[in-house]
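K.L.:
Let chain A serve as the given structure and place chain B on it in line with the hints.
Here the protein sequences come in this chain order: A and B. Numbering-wise, the first sequence is residues 1 to 592 according to the UniProt record's numbering. Numbering-wise, the second sequence is residues 1 to 199 according to the UniProt record's numbering.
Keep in mind that the hints are not guaranteed to be accurate.
[What the hints assert, rightly or not] Listed next, the in silico DSS-like pairs over lysine-lysine satisfying Cα-Cα at most 30 Å (straight line):
no., chain 1, residue 1, chain 2, residue 2
1, A, K507, A, K445
2, A, K421, A, K445
3, B, K93, A, K162
4, A, K421, B, K188
5, A, K575, A, K429
If you are wondering where the hints come from, they were derived from the structure by calculation, not from laboratory data.
Residues per chain are reported as follows:
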Amino acid sequence: MAAPTPYTYIQCPCSDVSTLSHPSDPNSPTGTEADEDDRTFDPRAPRSNYSLYPLEYLLYCEDCHQIRCPRCVAEEIVTYYCPNCLFEVPSSNLKSEGNRCTRSCFQCPVCIGPLAVTSVETKPDPRLLAPDNIAAPHSGPYALTCSYCHWSSTEVGIQFEKPNSIHAQLAKLRNGGTTRLTAKERKERRRDPAHRSATTEGEESGEQEDLDLETQFANLKAFYQNQLADPNSADSGLAALGDLGFSSPTSLSRIMSIYTGGSLQDKKAKSRVGAMREALEPDEGLQVANLDESAAIEQLQSEGHDGTACTAQRVDQPPHLGEEHLHGRGRFTSELRPIPYLLRTKRSKRCPICRHIISKPEAKVQTTRFRIRLVAGSYIPSIAIRPLSLSNGGGSASGAAAVPGALLDPLRPTHYLLTFKNPIFETIKVTLGAPSKTPGRFASKVTVLCPDFEIDANTDVWDEALKEGGGGGGGGGERDRERERRRRKREEGSQSNNNHNQLEVGKIWERGRNWVSIVVEVVPASLRVEAGDGPLREDEDVLEIPMFVRVEWEGEAGGDEVGSVPTRDRDTREKRELAYWCVLGLGRIRQS
Amino acid sequence: MSSRRPPRGEYIETDTGNKVARKATLVGTQNIMLGGKTVIQPEVMIRGDLIRTIQASSQSASGAAPNSTAVSIGRYCFLSRGCCLRPPGRLYKGAFTYMPLRIGDHVFVGAGSVVQAATVGSHVHIGAKVAVGEFAIIKDYVRILDGTVVPPNMVIPSFSIVAGQPARLIGEVPEGGHEAFELRDIYKTVGNNPQPAPS
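The following block holds chain A by itself, in its conformation from the complex (with noise of 0.2 Å):
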């Protein structure tokens, strides 16, 4: 449960309570605005959960200028596919045969792996898994089996004649074989007055025939509506109500005196409400429960806990399709029955606000890649942790501290190496602010040495090896080389620095191409809890560091920016910046 130390999350700003109330309100008290500039991000908060990311997981919206996480952004489904033959759905097939695959992919009832259609008689036929047996007689009956805990559908007493359409033949089947009707059977086998009598004479348990679920429900709507279509069991007002549904006012008045409690009834509706009659006969649909459970306890006593369905199992199941009664269903997994393939979506992502789209798949089942992604990686800059250990003065960035996952020793002062790497192509200065004490009971002191520094530009790789190699070239601008001249100047500085090997406060540790490290000190703090205080809670010696960002950066002006002039390049660059929590998780501390 231990979560892979260290880590970033950083927090999406839709979920931040000083935007969401009063978004860009310029003349806002001055009272509540420096409460705001104080208040600090607590990543214990319960809030925190919700909006706290992995800097893989967000959006970046270019119009925006902000950062959009999962929750933030607006879905719109692009593809339905079935995750097990990849065969794209299309949604007017959707509507009509519902969210599953109609093809011939089943997963296992009872350990959701993938079945197989196999042959019953000869053990599993070689045949019948070759790509090209046309040729090759085929042997049925069929059957779907799972190759990882070796359940059948004979279990459950399901047979194919095919081995293809897998989805049309379970649709007729009931567990055990019988056959399910279809509607249109049904239907022919309700007006066929011949078959129902036959039905009932020929029903060996006597007085009751036995209606299974759809016909059940057929045979009740058509018998409710015939009482309320009839003008003889029920007068005007219920008529109304089964042809024209509420356009008459008969029928208005009595649903108003169903709202305001009789006071509006008269005697007449009295008189009417009792006019209908509920279904006395299979043919209108009654059906007798069955209360008799003694086979459910026998099977229970028999098989016992293991041979009833779970919560979950239960949940996949298709409803309503594998027996012929209400009663007592879906309680053993020996009745449960494939499951078909959950289709799948390929989705793109919109910006809440300004409705551009900034994620856009492939709508092709098979491609990955994606028409826009704009991901918030490509825009902030990411922060890496890693700790560091200054064992006599060495300062070689390993060690015995340096072991992932290890605990944090309270009280005593722990360095941290944060690497921030800059993924746009411009010079970003970043500033960071870090409460002096964590939050929550237990408040380990931070300190961040440099929380100014600026990260030069993400050059290209090949820019950057050309440079060095001739010299200088002359490719790049008089901006570019001015630059450069100032980034070996830093590094110099900076290497001094590591001679030295000190910490030293405002003084960047490391810096490369276009990344730049710097140490945050820790003193974690002591968990020893006071008396009369609750004991430890969960998670509360994991050691969290909440920091705010800031990014500036100047970047070209887009076209769409109020009082831009496109035509003069080098005056329409403007300051850009981005302001952002994060939560830089340390690890858990030693509990002493």
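P.N.:
Relative to chain A, chain B alone:
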């Protein structure tokens, strides 16, 4: 290059940049295709001897040279210590035969995992102690967490994160997580003169 032979390192580095540990067990090397820049750590086993014994009807009819590749691996793959790649086998037209195991580019196989898939796509991360069942098909950008058992014949679509026994979809790879599958950096960190990982 000087004529002096370099000291024997832990790895054999080929012209195409493959780094094969001397302590790796590669059986039937002539049937193992490496795309280049692939790292094979010690105690890895690749069963190249399990070749297809029955050729597909179209191939045998045309009389083409029998394709005897048992395991083909793309570029920048990383096979961690103690993992095993084994072509899947089944009955085909009444006789048992093995089928080739194809692995794409940038595929990481964790320590102690056994892969018997039919196809593993590109940019796939298979964790440690994972069992990938026979004829499983793993598409691109898939992350299989440690200890997962992928049942035989399972298809794992792109951008899936699976875990559990049997494997179950537990999440999707986020848009920003595609670059994490790149194995170019880890390739440089092993070999006879490894470079430190970039911070």
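K.L.:
With the threshold set at 30 Å, check whether the alpha-carbon distance from K421 of chain A to K445 of chain A stays at or below it.
P.N.:
holds, 25 Å
K.L.:
With a cut-off of 30 Å on the C-alpha distance, tell me whether K507 of chain A and K445 of chain A pass.
P.N.:
Holds - the C-alpha atoms of K445 of chain A and K507 of chain A are around 20 Å apart, at most 30 Å.
K.L.:
Assess, step by step, whether the Cα of K421 of chain A is no farther than 30 Å from the Cα of K188 of chain B, and give holds or violated.
P.N.:
holds, 20 Å
K.L.:
Measure nothing beyond the straight line between the CA atoms of K575 of chain A and K429 of chain A; if it is 30 Å or shorter, mark the hint as holding.
P.N.:
OK: K575 of chain A and K429 of chain A at ~11 Å, within 30 Å.
K.L.:
For a C-alpha distance cap of 30 Å, please report whether K93 of chain B and K162 of chain A respect it.
P.N.:
Satisfied, since the Cα-Cα distance of roughly 19 Å is no more than 30 Å.
Hint violations for this structure: none, all hints satisfied.
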